[in-house]
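**Student:** Sequence lines, in order, name chains A and B. Each residue of the first sequence is one higher than the last, beginning at 252 in my numbering. Each residue of the second sequence is one higher than the last, beginning at 36 in my numbering.
If you're looking for bench data, these hints aren't it; they were derived computationally from the structure. Keep in mind that the hints are not guaranteed to be accurate.
[Stated by the list, open to error] Derived Cβ-Cβ restraints for the label pairs, each shown as a range:
#, chain 1, residue 1, chain 2, residue 2, range
1, B, His-228, A, Ala-285, 41 to 47 Å
2, B, Ala-165, A, Ala-285, 42 to 48 Å
3, A, Val-289, B, Glu-158, 52 to 58 Å
4, A, Ala-285, B, Gly-172, 29 to 35 Å
5, A, Ala-403, B, Leu-163, 26 to 32 Å
6, A, Arg-396, B, Asp-201, 37 to 43 Å
7, A, Ala-482, B, Ala-165, 37 to 43 Å
[Stated by the list, open to error] Covered by chain A, according to a simulated footprint, are these stretches of chain B (three or more residues, beta-carbon under 8 Å):
#, stretch
8, 87-99
9, 135-145
Cβ coordinates follow ideal geometry from the N, Cα and C atoms, glycine included.
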Amino acid sequence: MSTAGIRLAAPGARPRTRGLVWLVARQHRAALWAGLAVVVAIAAYIVWQRTGMVGYLRAHDIQDCAGWKRFCHGRRIHPERGSDPTIEALRHLGDTYRAPLLNTGRLLIALPALIGVFIGAPLFARELEMGTHQLVWTQSVTRTRWLIAKLALPLVAVTAGTAILAALYTWWWRAARVQFPDIAWGTAAPFDATGPAAVALAPLAFFVGAAAGLLLRRTVPAMAVTLGVTAGVQYGLGALRPHLMTPRTIVSDASGDFAHTPLEIFYTSWRGIGDGYLTRSGAKIPSDHCSSAIGQDDWNRCLARSGATQKQYEELHPASHYWPMQWMQAGICLAVAVALAAFCVWWIRRRPTVKETA
Amino acid sequence: MTDEIDAAGALEASGLGMKYRRGWALRDVACHLPAGRICALVGPNGSGKSTLLSLAAGLLTPTTGTLRVFGRPPAAPAARERVAFVAQDKPLYPRFSVADTLRLGRELNPRWDQKAAERVVEEAEVPLSARVGSLSGGQRTCVALALALGKRADLLLLDEPMSDQDPLRRHRMMGVLMAEAAERGTGVVISTHVLAELDGVCDHLLLMGGGRIRLAGGTDEIQAAHRVITGPSATGGGTPAALARHTVVETRTTGRQLTALIRPEGTPAGDGWIVTEPSLEEVLLGYLRAPDAPPLLADDPRTADTEVGA
Numbered sequence: 252m253s254t255a256g257i258r259l260a261a262p263g264a265r266p267r268t269r270g271l272v273w274l275v276a277r278q279h280r281a282a283l284w285a286g287l288a289v290v291v292a293i294a295a296y297i298v299w300q301r302t303g304m305v306g307y308l309r310a311h312d313i314q315d316c317a318g319w320k321r322f323c324h325g326r327r328i329h330p331e332r333g334s335d336p337t338i339e340a341l342r343h344l345g346d347t348y349r350a351p352l353l354n355t356g357r358l359l360i361a362l363p364a365l366i367g368v369f370i371g372a373p374l375f376a377r378e379l380e381m382g383t384h385q386l387v388w389t390q391s392v393t394r395t396r397w398l399i400a401k402l403a404l405p406l407v408a409v410t411a412g413t414a415i416l417a418a419l420y421t422w423w424w425r426a427a428r429v430q431f432p433d434i435a436w437g438t439a440a441p442f443d444a445t446g447p448a449a450v451a452l453a454p455l456a457f458f459v460g461a462a463a464g465l466l467l468r469r470t471v472p473a474m475a476v477t478l479g480v481t482a483g484v485q486y487g488l489g490a491l492r493p494h495l496m497t498p499r500t501i502v503s504d505a506s507g508d509f510a511h512t513p514l515e516i517f518y519t520s521w522r523g524i525g526d527g528y529l530t531r532s533g534a535k536i537p538s539d540h541c542s543s544a545i546g547q548d549d550w551n552r553c554l555a556r557s558g559a560t561q562k563q564y565e566e567l568h569p570a571s572h573y574w575p576m577q578w579m580q581a582g583i584c585l586a587v588a589v590a591l592a593a594f595c596v597w598w599i600r601r602r603p604t605v606k607e608t609a
Numbered sequence: 036m037t038d039e040i041d042a043a044g045a046l047e048a049s050g051l052g053m054k055y056r057r058g059w060a061l062r063d064v065a066c067h068l069p070a071g072r073i074c075a076l077v078g079p080n081g082s083g084k085s086t087l088l089s090l091a092a093g094l095l096t097p098t099t100g101t102l103r104v105f106g107r108p109p110a111a112p113a114a115r116e117r118v119a120f121v122a123q124d125k126p127l128y129p130r131f132s133v134a135d136t137l138r139l140g141r142e143l144n145p146r147w148d149q150k151a152a153e154r155v156v157e158e159a160e161v162p163l164s165a166r167v168g169s170l171s172g173g174q175r176t177c178v179a180l181a182l183a184l185g186k187r188a189d190l191l192l193l194d195e196p197m198s199d200q201d202p203l204r205r206h207r208m209m210g211v212l213m214a215e216a217a218e219r220g221t222g223v224v225i226s227t228h229v230l231a232e233l234d235g236v237c238d239h240l241l242l243m244g245g246g247r248i249r250l251a252g253g254t255d256e257i258q259a260a261h262r263v264i265t266g267p268s269a270t271g272g273g274t275p276a277a278l279a280r281h282t283v284v285e286t287r288t289t290g291r292q293l294t295a296l297i298r299p300e301g302t303p304a305g306d307g308w309i310v311t312e313p314s315l316e317e318v319l320l321g322y323l324r325a326p327d328a329p330p331l332l333a334d335d336p337r338t339a340d341t342e343v344g345a
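Extracted from the complex, chain A is given alone in its bound form:
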């Protein structure tokens, strides 16, 4: 029945793109196919790797197991024994999948820069450089509509492509997280390669490139500036990330032992935000407070002078901070992206933009 319906409704009515949509699609035809190939290739690799990894976990019955846990599916784990089968399986898992997992993440965090440099920057720069903007601006469409079409279509494409890859990588990462407790979730790979933060970086980098191209009017300088700005933004976001939320502070007992803190906190948190000693009144003395000390005696004297006791503290972001921080970073990126988009529209409307030729 439905087949007949389609047949009836489709006498030569292959959907045809129109107007500016056709123009932008035609201009980016090659880039679209290339981008599609990249997405399919990386997606296939992630699915293949994850399937292999999950198969291995099942085969050795070590799903959700980790070296620091005492039990794995009811079996006692003996990390101190050399031949514990669970430990052996986990080690082999690490040997096989740790590098692919991290390297795929590193590849994904390079995608925003690639999007900005190769799709965003040439978008307007090439037209302004070659003068083809004059061709379009003298047809019967306004330059604002042209600008919006040029921005909207590639934006949808790069965001969709990035979203697919980020979703797949998040899916892989969530299956691997427990087994790789030493990969800090707050570092660029995986944080910038997973979740909404990964998706939001794509429009940001795209608009950085587009705005640079509009301002500089030259393709190669626009690409260089976009690369620099995108790298700077990602570095800056990494530096800002620990401060997005107040870290949780865990405190040792009077002798400096953290034994009463559940092991899970240490193995699922993003650690290394800060550590040091507490004074009697509970004030924090960061461990680098005495970093200029030479030798153990000097160090001890320095600590004693500052009133530090044996009681230690550590600041970390528990696993529960992952999603709020993801959304915060995504929000920042999207806000800047929207501002850049508004800037592009404002710029094209106010500028009598033509090369100064006589």
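Position chain B relative to chain A; hints supplied.
**Tutor:** Structure of chain B alone, referenced to chain A:
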């Protein structure tokens, strides 16, 4: 309504000025081009021809003054539909095929005429499947012209469209262009420095120099307003008394004979002087050779009465 706007003229400028960072490209330009005219825009390089055309195409915003096409600002959508522009360097997308380029015209212009555009391309013997980047300069110009003609505009602005054409194709393209213009009453402004190209084709003239308009009006009016007079040169140089009453554009002395291009005030006759009506090319050459000659603005409503009516 359309007629009302057309009464305003295809192109109307007053006090028009355009300043780039390096200086003024146009200063205090006033002109009036009625709809449906074929206008030659002539002048040396850097005289402001391209700037004037870019302003009329809505690509530039004037620094001073106003410019209206069919009574509207050039960047207004209603004006854009009615004006087609071929820029001097003929920008086209090099990776598009000729067919794609024409499709661009079809997708972005409500009045698009595919047949008219294809006719131009066929006349120039450019295959529709060829990539624009692989075409010669002359062939690319033809594709740009096809795009402009297919737009079905009421005013074509063409910036040196024939400069890279071989003589045969130039002749053919002018033929197609003029046939279209005659058939539909389309106005054309065509900039050039090859004067012969436009002989017998244009009925309106704008001569530019140093960012100003030096000569403007119908070709017949301009021709009629000038005389070439030949006679004995004054002894000891200087302007002969016979020329004193008239506006002298240019004088040349060959031996004892003097030839002058003048705008006569009253009867230019005098004993021993031969008076002839110059060709349009002679007028243009006279003005080009004499950059300081006083301008004649026969199309400016403010000056038309005083300058030509006399």
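**Student:** Taking the hints in turn, state whether each one holds.
**Tutor:** Verification of the hints:
| no. | hint | result |
| --- | --- | --- |
| 1 | B:His-228 with A:Ala-285: 41 to 47 Å | 45 Å, holds |
| 2 | B:Ala-165 with A:Ala-285: 42 to 48 Å | 24 Å, violated |
| 3 | A:Val-289 with B:Glu-158: 52 to 58 Å | 44 Å, violated |
| 4 | A:Ala-285 with B:Gly-172: 29 to 35 Å | 31 Å, holds |
| 5 | A:Ala-403 with B:Leu-163: 26 to 32 Å | 30 Å, holds |
| 6 | A:Arg-396 with B:Asp-201: 37 to 43 Å | 39 Å, holds |
| 7 | A:Ala-482 with B:Ala-165: 37 to 43 Å | 42 Å, holds |
| 8 | 87-99 | holds (count 6) |
| 9 | 135-145 | holds (count 8) |
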